[in-house]
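Engineer: Assemble the complex: chain A is given as a structure, and chain B must be docked to it using the hints.
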Amino acid sequence: MSGPSPILTMRQFSWVGAAVLAAVLAHAPHLPAIITALALALVAASWLHRRRGGSALPGWIKLVLIAVFALVLIVQYRSVIGREPGSALACAMLASKLLETRTRRDALAAICFASFTLMSALLFDTSLAFTLATFAGVVLLLAALRELEPQAVTAPKPASSLRACWPTLRASLISLAIAAPLALCGFLFIPRLDSPLWRTPADAGARTGISDTMSPGSVQNLLLDDSAAFRVDFDGTPPPRAQLYWRGPVLTDFDGETWRRRETGIAPPDAREATAGSAAIGYAITLEASDKPWLFALDVPVDIPAETQRGRDMSLVRRRPVTELFRYRARSLPDYRFDRDLSADLRAATLALPGGFNPRSVEQGRSWRRELPDDDAIVRAALDLFHDAFFYTLSPPPLGRDSVDDFLFGTKRGFCEHFAAAFVVLMRGAGIPARVVTGYQGGYFNPVGDYLLVRQSDAHAWAEVWRAGRGWMRVDPTAAVSPTRVEFGAQAATLGERTWYRGWWLATRNRIDLVNHAWNNLVVQFNGQRQRALLRPLGIDHIEPDTLLWLLIGASGLMLVAATLWAMRTSRRRAAPLDAAYDALCGKLARVGAPRSDNEGPLTYARRLRVAQPLSQRCASEVQRLFADYVGLRYARAFPPMEGIVEFARRVRRLRLETRS
Amino acid sequence: MSVSLATTAAAPPLDSGLHRALDDAVAQVNGVVLGKAAQVQLAFACFLAGGHLLIEDLPGVGKTTLAHALAATLDLSFSRIQFTADLLPSDIIGVGIYERGDGAFKFHPGPLFAQLVLADEINRATPKAQSALLEAMAEHQVTADGTTHALPEPFFVVATQNPLDLAGTFALPDSQLDRFMLRIGLDYPDRDAERALLTASDRRELIARLVPRLDTTQAVELRAAATRVLVSAALIDYVQALLGASRSHAQIRVGLSPRAGLALLQAARAHALLDGRGYCLPEDVQAVFAAIAAHRLIPAAASGATREDLARRLLEQVAVR
Chain A
-7 MSGPSPILTM RQFSWVGAAV LAAVLAHAPH LPAIITALAL ALVAASWLHR RRGGSALPGW
53 IKLVLIAVFA LVLIVQYRSV IGREPGSALA CAMLASKLLE TRTRRDALAA ICFASFTLMS
113 ALLFDTSLAF TLATFAGVVL LLAALRELEP QAVTAPKPAS SLRACWPTLR ASLISLAIAA
173 PLALCGFLFI PRLDSPLWRT PADAGARTGI SDTMSPGSVQ NLLLDDSAAF RVDFDGTPPP
233 RAQLYWRGPV LTDFDGETWR RRETGIAPPD AREATAGSAA IGYAITLEAS DKPWLFALDV
293 PVDIPAETQR GRDMSLVRRR PVTELFRYRA RSLPDYRFDR DLSADLRAAT LALPGGFNPR
353 SVEQGRSWRR ELPDDDAIVR AALDLFHDAF FYTLSPPPLG RDSVDDFLFG TKRGFCEHFA
413 AAFVVLMRGA GIPARVVTGY QGGYFNPVGD YLLVRQSDAH AWAEVWRAGR GWMRVDPTAA
473 VSPTRVEFGA QAATLGERTW YRGWWLATRN RIDLVNHAWN NLVVQFNGQR QRALLRPLGI
533 DHIEPDTLLW LLIGASGLML VAATLWAMRT SRRRAAPLDA AYDALCGKLA RVGAPRSDNE
593 GPLTYARRLR VAQPLSQRCA SEVQRLFADY VGLRYARAFP PMEGIVEFAR RVRRLRLETR
653 S
Chain B
3 MSVSLATTAA APPLDSGLHR ALDDAVAQVN GVVLGKAAQV QLAFACFLAG GHLLIEDLPG
63 VGKTTLAHAL AATLDLSFSR IQFTADLLPS DIIGVGIYER GDGAFKFHPG PLFAQLVLAD
123 EINRATPKAQ SALLEAMAEH QVTADGTTHA LPEPFFVVAT QNPLDLAGTF ALPDSQLDRF
183 MLRIGLDYPD RDAERALLTA SDRRELIARL VPRLDTTQAV ELRAAATRVL VSAALIDYVQ
243 ALLGASRSHA QIRVGLSPRA GLALLQAARA HALLDGRGYC LPEDVQAVFA AIAAHRLIPA
303 AASGATREDL ARRLLEQVAV R
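Here the protein sequences line up with chains A and B, keeping their order.
Per the numbering used here, the very first residue in the first sequence carries number -7; after that it's consecutive.
Per the numbering used here, the very first residue in the second sequence carries number 3; after that it's consecutive.
To be clear, the hints were calculated from the coordinates, so they are not data collected in a lab.
Just so you know, even glycine gets a beta-carbon here, dropped at the ideal spot from N, CA and C.
There could be a bad hint or two in this list.
Stated by the list, open to error - Computed beta-carbon distance windows for the label pairs:
| id | chain 1 | residue 1 | chain 2 | residue 2 | range |
| --- | --- | --- | --- | --- | --- |
| 1 | B | A303 | A | M560 | 39 to 47 Å |
| 2 | B | V213 | A | A630 | 37 to 45 Å |
| 3 | B | R211 | A | A604 | 35 to 43 Å |
Next comes chain A alone, as it looks inside the complex (with noise of 0.2 Å):
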């Protein structure tokens, strides 16, 4: 393009300032408040200064622009490297881009940017509702590019503002239809590595989830949380929900109010030795991104994902946390035997107790170590004091210094950490290596997916002894005070009843889960091994990824080709709907008796049907300008211009003919 760039007209400008906004609100859900305020505000300004047919701004003031927005950035992160100071650096830098948009080039460039701090705030969030949420940007930012367009400025402007953007809009989507079978191939032929190529620098803490310390009222949290933890898909039937214990950190270490995570090292190599009994359990799971190294798997898995370590407490963990919707696979044995022989050091560790903290619970220990006669009785006298004289509640009184004793002989009510503390304490007080697991018991069986559901809700700690001869025991004290809380989950143990859970809502929250699953399935977890499942039916085992991105350039080109073949024929093409309009036009006429022959053109048939008179007067004075217009249409252009295809063709609908009576 030679000369100077067109200034924008109003219209124009509040299009790409529309694009800006999406783009900028887009980012609102993770930003600082601060930060998304003051964007908002600076379109706003933009588009009001723009209103009043403000002058370009002197330069001073985008210094202090950028000066203020440096602050706030340093102060609310103490960096601009990582994700999120890195989209609030974008979206700052957008919004300020739109107070010196004022030529149809400043506007491309800012369009351009909007598309990419657009595309940046998927990596925050690659839900199915947010990615719709983003495609209504993108139908924005492409309206606003066609908009841009030379021919769409001269278009006549329609009356109301709502049905003025329509076109646009409409235009912008036909676009987006357009590219979407583009879009499916790079989707599907784009090679893709089994693990991203690069990765945002995690933000930890950021999500709530199991975490490996436990204090109390962290798990609290997570009971409230509805959210979903992870999705199951079991390869054979489900195991019976008691069994449902998804293992997680293990907790050994206690200083008196927290219990602390404990590297135990690697679990020895031959893990089949190590464990022994029934069949084993083959399940896939997608986990939510919880930004931490944990992965779950029922008690106790044998078969591991890949970079991924099992620790000696059979708790898995993965070299990177997860920060992303991430999928593996794993096998279980719900009869398990591990670590028959105890080592010195973990004998102490799952022995140790903080010296000078809940001395009567450990007085209780050691009581029931003197006065009974075996471990065994021993756990069962714990838990027949749990069953005795406890209540299961999520809202559980304050505990003070002494929080298990506290908890033991003071208030008696309480969740499941409280359960898992206390049992723990007790235990080794009476000497017997004990330790909390975390992690989430259940989940809920969607029927219409044939999935496991696994919420936050389903947060879960219960406690492990160790048997002589017979390894590690799984125990579950709040199962003692309140079975339903293994039965049917927290949320049913607190509120009693299960009709709770019934009703049309439930059915509705199912389908809207097994979308999301599909979402997460099908497309979020998309990668390379997914990929060549895909193309196996083809008959390619095994692919290059230059021979995908041949597949690629050779399906894109073809429908490049294509798309130039349909443009080149499209100016012909327009009759077609010229075409049918007439063909209804005559075809209304030869229901009131007036048929058009195959071989008679319009002239002809128009002079017939005025001589004939088959019509009202009303009537037939529209036909025949009807059959004007189509003349002019269709013969007096060299092609037909669509707009009045669109208006013959709805005037036509609107015919109603009435014979002359």
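Structural biologist: This is chain B only, laid out in the frame that chain A set:
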């Protein structure tokens, strides 16, 4: 044919003065050749499209009258060649005669050197004389004694011929017939027209009283306007459908050539111009189709249909919107 067509994109092709002059010219010819409005329109279309006209019918139905009326109405230099069995090419083209004073041969132009040439009863002449005329029609120039002489512009040949089954005629070969853009028949006049003809004064007197309605400049202008008449993609689709049907029709041995297709479009344009439109309609194509196609189609041996029948069938069978 005067239908008002609103909302048309093509501009009116003529200024009102020129258009009125054209209408007057057509009306004047119709005043002499009674009851033959369609044929008169075709004759004018042929002139405006820059083609040559062949009028074929029985003696005495007004072929020569039409040609004379055209010549008198169009202010063009006119000559008439009566074709006979002993006509020689030089009788048409002209001869080089030795001029004693100059000591050189001088070309004396024949009757062909006129803007409107009436070639009467063309099929009574020998093929040799016929081809001299037909070549001149195609080339718009003649060559005599090695020198090429341009013919005047506009150059418009109106030939008449008797139906082929009459004795003493040499049929024009199919390839030569192609030189005529349009071939029209006149047929007997209908009852009213014939009565008017019988009661009115002598045609020759009428022709003598005719005044020129279009001068050479106007004629050239009109021909130029005819080439500017808009032809839409949809109309070309229709023309192609007609051409295609003529080539695949079971009863037709030889269909229409691309040249016939070009002639069809040109004639349809001129027809639209006569109707005062700046764009072509399927009706224009249909109006000129028989005159364009009938003398160019060659029926299959076993068809038994006349060429006119075939042209009509093609029009009936090819759909148009």
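Engineer: Does each hint fit the structure? Answer for all of them.
Structural biologist: Do the hints match the structure? See the list:
1. B/A303 <-> A/M560: 39 to 47 Å: With a Cβ separation near 43 Å, B/A303 and A/M560 satisfy 39 to 47 Å, so the hint holds.
2. B/V213 <-> A/A630: 37 to 45 Å: With Cβ atoms ~40 Å apart, the hint holds.
3. B/R211 <-> A/A604: 35 to 43 Å: With a Cβ separation near 42 Å, B/R211 and A/A604 satisfy 35 to 43 Å, so the hint holds.
Violated hints are absent here; each numbered hint is respected by the structure.
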